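Participant: Sequence:
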Amino acid sequence: MKKLFLFDIDHVLVHPPSYGANHTLEEAGLDVSWTSSFFLAYYDDCQRGNIDLVEVLTPYLKTCGWTKSTKEFLNEWFSYEYHLDEELLTYIQTLREQGFSCVINSDQEKYRKHYILEKMNFSNLFDAFYFSCDVGYLKQDEKRFEIVYDDIVKQFGRVEKDEIFFVDDQQKNVDVAKKFGIDAVVYKSNEKTIKEIERRIKI
Numbered sequence: 001m002k003k004l005f006l007f008d009i010d011h012v013l014v015h016p017p018s019y020g021a022n023h024t025l026e027e028a029g030l031d032v033s034w035t036s037s038f039f040l041a042y043y044d045d046c047q048r049g050n051i052d053l054v055e056v057l058t059p060y061l062k063t064c065g066w067t068k069s070t071k072e073f074l075n076e077w078f079s080y081e082y083h084l085d086e087e088l089l090t091y092i093q094t095l096r097e098q099g100f101s102c103v104i105n106s107d108q109e110k111y112r113k114h115y116i117l118e119k120m121n122f123s124n125l126f127d128a129f130y131f132s133c134d135v136g137y138l139k140q141d142e143k144r145f146e147i148v149y150d151d152i153v154k155q156f157g158r159v160e161k162d163e164i165f166f167v168d169d170q171q172k173n174v175d176v177a178k179k180f181g182i183d184a185v186v187y188k189s190n191e192k193t194i195k196e197i198e199r200r201i202k203i
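Take the sequence shown: its letter number 156 is residue 156 in the working numbering, and every next letter is one higher.
The set of hints was computed from the structure by calculation and includes no laboratory data.
Possibly wrong hints are sitting among the right ones.
Below 25 Å or equal to it, Euclidean Cα-Cα: the simulated SDA-like pairs (lysine to any residue) are [stated by the list, open to error]:
hint, residue 1, residue 2
1, Lys-172, Leu-138
2, Lys-3, Gly-20
3, Lys-178, Val-103
4, Lys-3, Tyr-111
5, Lys-119, Ser-101
6, Lys-3, Lys-110
7, Lys-110, Gly-20
8, Lys-202, Tyr-187
9, Lys-2, Tyr-80
10, Lys-154, Val-103
11, Lys-110, Leu-138
12, Lys-161, Lys-172
13, Lys-202, Tyr-91
14, Lys-119, Ser-79
15, Lys-110, Gly-136
16, Lys-192, Arg-96
17, Lys-2, Asn-190
18, Lys-188, Leu-125
19, Lys-179, Arg-158
20, Lys-172, Thr-58
21, Lys-110, Thr-58
22, Lys-119, Asp-141
23, Lys-192, Glu-86
24, Lys-195, Gly-181
25, Lys-110, Leu-84
26, Lys-3, Ser-123
Quick list of simulated restraints, FRET-style, between CB atoms [as the list claims (entries may be wrong)]:
hint, residue 1, residue 2, range
27, Glu-146, Arg-96, 43 to 49 Å
28, Leu-30, Arg-199, 24 to 30 Å
29, Glu-72, Ile-51, 17 to 23 Å
30, Thr-90, Ser-33, 39 to 45 Å
31, Gly-99, Ser-33, 48 to 54 Å
32, Glu-198, Asp-31, 44 to 50 Å
33, Gly-181, His-83, 31 to 37 Å
34, Pro-16, Glu-198, 44 to 50 Å
35, Ala-41, Arg-158, 31 to 37 Å
36, Cys-64, Glu-87, 34 to 40 Å
37, Asp-162, Val-56, 38 to 44 Å
Note that the structure is predicted; figures quoted are calculated from it, not measured.
Ideal placement from N, C-alpha and C gives every residue a C-beta, glycine not left out.
Produce the entire structure from the sequences given, and follow the hints as far as they go.
Facilitator: Listed below in structure tokens is the structure:
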């Protein structure tokens, strides 16, 4: 039987219709052609907590013609992506009521992390949180799972690696988790995810 469930956020618990940064620029009638190279150059380090998104993004927004503040841009971006999976979140609360610990394991930079915790109310929906901007590693790095696992044991008591079940939307992250020894699957749908969880509860 599993003791603890780890969940990614984007495309598992939150399903945005499209990428909010580009949508916000398009709504303002501004050029979006620079965003791919910008995020390729900076975003991983923002998510690792090495650099501040506002600091590196502000010059680009000014150049493309954004007239509001960078934090207003982030708020519009994050608000557009505010599409919670209420069905899965409700199910997770039933797991918690049964005594199972449900934990977030997500790659986020610090501003979206705070938005998720406060505006999306995740701070009240889960038992612990591991964000890349705090841990310092992305989920594609096995060191991330070493740090998360060590802290889980400190917080929740002795939990074996194979007593943890992780749901993520990317195969590469699932592969790293499995290599470390954590049970994991790629999210396909709520129905399949809930069936996978229920099966592991009964084992």
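Participant: Run every hint past the structure and note whether it holds.
Facilitator: Verification of the supplied hints:
Distance hint between Lys-172 and Leu-138 is fulfilled; the C-alpha atoms sit about 11 Å from each other, no more than 25 Å. Our distance criterion of 25 Å between C-alpha atoms is broken by Lys-3 and Gly-20, whose separation comes to about 35 Å. Between the alpha carbons of Lys-178 and Val-103 the distance comes to roughly 17 Å, so the proposed pair stays at or under 25 Å and holds. Of the pairs offered as hints, the one joining Lys-3 and Tyr-111 is violated, with about 31 Å between alpha carbons and a cut-off of 25 Å exceeded.
Note on Lys-119 and Ser-101: the hinted pairing holds, with a Cα-Cα distance of about 22 Å set against a maximum of 25 Å. Distance hint between Lys-3 and Lys-110 is unfulfilled; the C-alpha atoms sit about 29 Å from each other, more than 25 Å. Distance restraint check for Lys-110 and Gly-20: the Cα-Cα separation of roughly 16 Å lies within the 25 Å cut-off, and the hinted pair is therefore satisfied. Simply put, Lys-202 and Tyr-187 have alpha-carbon atoms about 20 Å apart, close enough for the 25 Å limit, and the pair holds.
For the proposed pair Lys-2 and Tyr-80, the alpha carbon gap of about 35 Å is over 25 Å, so the pair is violated. The straight-line distance between the Cα atoms of Lys-154 and Val-103 is roughly 14 Å, inside the 25 Å bound, and the hint therefore holds. Simply put, Lys-110 and Leu-138 have alpha-carbon atoms about 13 Å apart, close enough for the 25 Å limit, and the pair holds. Restraint check for Lys-161 and Lys-172: the C-alpha separation of about 18 Å stays at or below 25 Å, so the hint holds.
Taking the CA atoms of Lys-202 and Tyr-91, the gap is near 16 Å; set against the 25 Å cutoff, the hint holds. The hinted pair formed by Lys-119 and Ser-79 meets the criterion: a straight-line CA distance of about 9 Å does not exceed 25 Å. Distance check on the hinted pair: Lys-110 and Gly-136 sit about 11 Å apart at the alpha-carbon level, within 25 Å; holds. About 19 Å separates the Cα atoms of Lys-192 and Arg-96, which keeps this hinted pair within 25 Å; it holds.
At most 25 Å may separate the alpha-carbon atoms for a hinted pair to count; Lys-2 and Asn-190 meet this at roughly 19 Å. About 22 Å separates the Cα atoms of Lys-188 and Leu-125, which keeps this hinted pair within 25 Å; it holds. In summary, the hint linking Lys-179 to Arg-158 is supported, as the alpha carbons are separated by about 20 Å, within the 25 Å threshold. Annotation: proposed proximity of Lys-172 to Thr-58 is violated, straight-line Cα distance about 31 Å (limit 25 Å).
For a cut-off of 25 Å, the pair hint linking Lys-110 to Thr-58 stands: about 16 Å separates their Cα positions. Straight-line distance between C-alpha atoms of Lys-119 and Asp-141 comes to about 29 Å, which puts the hinted pair past the 25 Å bound. Distance hint between Lys-192 and Glu-86 is fulfilled; the C-alpha atoms sit about 16 Å from each other, no more than 25 Å. Between Lys-195 and Gly-181 the CA atoms are separated by roughly 21 Å; this keeps the pair inside 25 Å, and the hint holds.
With a CA separation close to 19 Å, the supplied pair Lys-110 and Leu-84 stays within the 25 Å bound. The suggested pairing of Lys-3 with Ser-123 holds, with an alpha-carbon distance near 20 Å, which does not exceed 25 Å. About 26 Å separates the C-beta atoms of Glu-146 and Arg-96, a value inconsistent with the hinted range of 43 to 49 Å. In this structure, Leu-30 and Arg-199 break the distance hint of 24 to 30 Å, their C-beta atoms being roughly 48 Å apart.
Checked against the hint of 17 to 23 Å, the C-beta distance between Glu-72 and Ile-51 comes to roughly 20 Å, which is consistent with it. For Thr-90 paired with Ser-33, a C-beta distance near 40 Å keeps the hint of 39 to 45 Å intact. At roughly 51 Å, the beta carbons of Gly-99 and Ser-33 sit within the given window of 48 to 54 Å. Here the CB-CB span from Glu-198 to Asp-31 is close to 48 Å, well matched to the stated 44 to 50 Å.
For Gly-181 and His-83, the hinted distance range of 31 to 37 Å is satisfied, since their beta carbons lie about 33 Å from each other. For Pro-16 and Glu-198, the hinted distance range of 44 to 50 Å is not satisfied, since their beta carbons lie about 27 Å from each other. A beta carbon spacing of about 42 Å between Ala-41 and Arg-158 contradicts the range 31 to 37 Å that was offered as a hint. The hinted window of 34 to 40 Å between Cys-64 and Glu-87 holds, with their beta carbons roughly 38 Å apart.
Distance hint check for Asp-162 and Val-56: the Cβ-Cβ separation is about 40 Å, which falls inside the suggested range of 38 to 44 Å.
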